[in-house]
Structures are given as C-alpha cells and as structure tokens.
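Asks: Chain residues, written in single-letter form:
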Amino acid sequence: MATTVARTLDVKGQSCPVPIVKTAQAMKQLGPGELVEVLATDPGSVKDFAAWSKTTGHQLVETSQQDGVFRFVLRKKG
Amino acid sequence: MPARVVVLGGGVGGTLVANLLEKHLKQDATVTVVDGTGMHLYQPGFLYVALDQANALWLTRDERTLLRRHVELVVEQATKIDPAAQTVTLSRGGSLPYDYLVLATGSRLDREAVPGYDGTHDFYSLDGALRLREELRRFRGGKILVGVAGIPYKCPPAPVEFVLMLEEHLRRRGIRDRSGVTLLSPLNRAFTIESASKLVQPIFEKRGVELRTFFNVDSVDPVRRNVTSIEGESADYDLLVLVPPHRGSAVIEASGLGDAGGWVPTDRNTLQHTAHERIFALGDATDLPISKSGSTAHFEAPVVASRIASLVRGTAPKTAYAGRVMCFLETGGGRATSLRFDYAHPPIPPRPSRLWHWAKWAFNRAYWITVPQGRVG
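In order, the protein sequence lines correspond to chains P and W.
Going by numbering that gives the first Met the number 0, the first residue of the first sequence is number 0, and it counts up by one from there.
Going by numbering that gives the first Met the number 0, the first residue of the second sequence is number 0, and it counts up by one from there.
Since the hints were made in silico from the structure, they are not lab data.
Hints are not guaranteed to be accurate.
For lysine to aspartate or glutamate, the following EDC-like pairs were computed, each having C-alpha atoms within a straight-line distance of at most 20 Å [as the list claims (entries may be wrong)]:
no.	chain 1	residue 1	chain 2	residue 2
1	P	LYS11	W	GLU204
2	P	LYS46	W	GLU193
3	P	LYS53	W	GLU230
4	P	LYS76	W	GLU230
5	P	LYS27	W	ASP220
6	W	LYS142	W	ASP237
7	W	LYS317	W	ASP286
8	P	LYS27	W	GLU230
9	W	LYS205	W	ASP220
10	W	LYS142	W	ASP220
11	W	LYS205	W	ASP176
12	P	LYS21	W	GLU21
13	W	LYS317	W	GLU21
14	W	LYS22	W	GLU71
15	P	LYS21	W	ASP217
16	P	LYS53	W	GLU232
17	P	LYS46	W	GLU230
Work the whole structure out from these sequences, hints included.
Replies: Here it is as structure tokens:
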C-alpha cells in the first residue's frame, strides 16, 4: 500500500465546490491505493471532504490544519 | 492630452465602467468600448426564456443605446492585447492604443470539453435557452436531469432555481406525475452555500425533486441517454440539462494574460491585473473566488472606474472592492429569497417570500434603465 503522496493539489484561496471537484478529477488519474494530498483554505472543506470520502469510498487518511491551511490526504479506493 | 481608456466587453461590467468613467472624467479621458456583437444581453433572463415565461426580445438591446453619448463604441472583436506596447489588436486588423485597459470580457462556454455534450440542453446562452424551450414544448413526460459540467460557472444558484421553476412548469402543464426531476449536485447538498442549501432542500423534498449528491458530470452518451460522473456513477435520462463548462475569453488566452482556465489573475481589492498595473478586470473575467454573476460586475464597476479616475487625476484611490455580491434565488410558486454576502460575511438568506420574487421581477424590468447607467448602487 502506498505511503507516499502521488499527487499534491493546491486549492488554497479557492472556495467550495472547487476543492472537491478538483480532487474528484485528480482521483481519476490515480491508481487504486495511491494517495493524493489536498491543500485548502476554505473551512467548509473539512466537512465536505469527510462527506465526500464517505460517499465515494475513497479513504480520508489524514486531516490537519496549520497556519490556516487545511491538509487532507485521501487514498483512492480499489 | 486626455487619458485613453479602452474597455473590452459590453456586458454589465464593461458598460457600467465606461459610463461611470465618462461621467467622472469628462474631457480628461476618452473612453472606448470594444464589443464583438454590439448587442447587450440580459443573461439572467435566459432562465425565463427556456421556461417559456419571457420572450427573447426583452433580453437584448443595442449596446449603443446604453452608453453615454461621448463613450465610443467599436463593434469588433479584440484579438490580442500587448501590455508592453499598451495596444489592443482588433479583428479587422486595426489597433487601439490605451493608457488604461479594462477587461470585462466575461466568460465563454466550452461545451466541447464534455464528451457527448451535443446530446444535451442548457440555458446558458440565448440559443441554448431557445432550443431548450422548443424541447420542453415537445416534452410529454419522462426523466429530466439537471447538472453541472464544470466549475467555475456563472450564477451559482441558477441550477437550483431552474429545477424548482421546472417542477412548477411541469405541474402547470399537467405532466408532473409523468415526470421525474433530479438535480445532480457536485457536492453533498443542493447548493455550495450551506445556509442556502438548508433553505432549499426541504422545498426539494416537499415538491418531490430528487437530489443526487457528489455527481460531477464527466461524459454523456447521447445514444444510450446516459450521463457518467467523475465519481464513477451513471444516470439515465430522457432530457438532460447541463450547465456547460466555462472558460475565460479567447483574447485573454491568446494574449497570455490569464491562468490555465483563461481567468485573469486579479487583485481582490484593487481589481488590477496582478502583473500589469494599467490593466483592470471585473465580472466573470477575473480569477476571484466569488460568484461569477452580473451583480458581482455591477458592484465591482464603481471601484474600477473610481480607481482609474484617481490614477488619471493623480489622486489617492478612495475605494476598494470588498467582495460584495447579491443574488436573487427563485424557489418557485411565486416566491424567492436573496443571497447577500462579501469576502468577510457569508449570506444569511431570508425565508422565501413573495416580496423577493417581486423584487427580482422589478429588477428584471428596471435593469435596462438603471444598471448600465449607474443609477442603482
């Protein structure tokens, strides 16, 4: 199982629904089990990513926050 | 010598900036609007045309009639901007020099970006709205899906408004019981703004409108009448209405002045291009993370006009844009709500009422004689 991030997505400054849509697009390019890291500043994205992960089955491995930037790491299902 | 101000685009933003500049600066500036069609379109009306509630003539005016007498109008496409030489190249080969340039070039629909888009309908252009109107007139029942095929897109509440107004339209025609109405949402709720979602989702439930969440449209198979999402799901339809993907204008892309999507990198307060201080941008053209809507352009225009006037006169700029946006949201049944917000304050929409519906109606009627001239602030 991959432990290094295959792709980083910087959506800082973008508001909803950009972070989710860009992540969905990026996920399509990844292989099963690969990790994508998302950097966002929209506080609403915390709830959005939790719900998106539950619905789509892509696992939300990590959620953290530093200096106003949220970091999400998601693993592609499969 | 008067300062030369060139405004690209004769939509809400461009028209208002040009009129305000001419009013503020009089003989201190020459103001020229360059527009490819010379026709001004009231885009919020597309929704009503598609649903047979308004005719198309109401939505178009000759741009000349909306501009102050001393504003020059050039009906030609701008094809290239050279920020170093400070010139704009026109489609018939001429060129316009400028001291200050305003990019009010809007957005362009990029339907080809979605495989199979041909088999779908939209209400994001006048042609699209008229075609959808014909299709709906022929519609005798079936499954209607309404979705979004790319972000960002103009007027974020429009898909929600459309499904609610469509539901009412089908009921009025007596074919509601033979029809399904579904909104395919990019998120886990009806609308990006949470407070607005909380308000409309109970209305969806009450009216039997289905909400399908996390469905970001990827491709369409018009033969099998099936749409697939990026998330890997699919849905069958009899009529598919999709908000087309949007991009920045061709002249921005051809001049290397935009980002990957063709949007102009814009300072969120001064509305100047982040790399060129003599170039300003407003409305859909910018990369700002706020709604692409006429109201955004409307509220940005006085800031752009006042800041250019300050530069021309050598005075300190007095205004900055604080992210102000205001939208009406029709919820059907003769009711509407409103969303008012800025960078610092999220909207708190009031309960849908007849008052907001009439406010929207009055605004639609009064648009031509108020907004382009700067009579409402």
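Asks: Is the Cα-Cα distance between LYS27 of chain P and GLU230 of chain W 20 Å or less?
Replies: Roughly 8 Å separates the two Cα atoms, so the pair holds.
Asks: When you check the alpha-carbon spacing of LYS46 of chain P and GLU193 of chain W, does it fall within 20 Å?
Replies: With Cα atoms ~11 Å apart, LYS46 of chain P and GLU193 of chain W stay inside 20 Å; holds.
Asks: Take the C-alpha atoms of LYS21 of chain P and ASP217 of chain W, compute the straight-line distance between them, and say whether it is at most 20 Å.
Replies: 12 Å, holds
Asks: Are LYS142 of chain W and ASP237 of chain W close enough, with their CA atoms no more than 20 Å apart?
Replies: 5 Å, holds
Asks: Does the alpha-carbon distance linking LYS142 of chain W and ASP220 of chain W stay inside the 20 Å limit?
Replies: 15 Å, holds
Asks: Has the given pair, LYS205 of chain W with ASP176 of chain W, been kept, meaning a C-alpha gap of at most 20 Å?
Replies: 14 Å, holds
Asks: Against the 20 Å threshold, does the CA-CA distance of LYS22 of chain W and GLU71 of chain W hold or violate the hint?
Replies: 13 Å, holds
Asks: Keeping to a limit of 20 Å between CA atoms, is the pair of LYS205 of chain W and ASP220 of chain W held or broken?
Replies: 31 Å, violated
Asks: With the threshold set at 20 Å, check whether the alpha-carbon distance from LYS53 of chain P to GLU232 of chain W stays at or below it.
Replies: The given pair, whose Cα atoms are some 15 Å apart, holds under the 20 Å limit.
Asks: Verify the proposed pairing of LYS11 of chain P with GLU204 of chain W, using a straight-line Cα cut of 20 Å.
Replies: 34 Å, violated
Asks: With the threshold set at 20 Å, check whether the alpha-carbon distance from LYS46 of chain P to GLU230 of chain W stays at or below it.
Replies: 18 Å, holds
Asks: Between LYS53 of chain P and GLU230 of chain W, is the straight-line Cα distance small enough, at 20 Å or below?
Replies: 12 Å, holds
Hint violations for this structure: numbers 1, 7, 9 and 12, all remaining hints satisfied.
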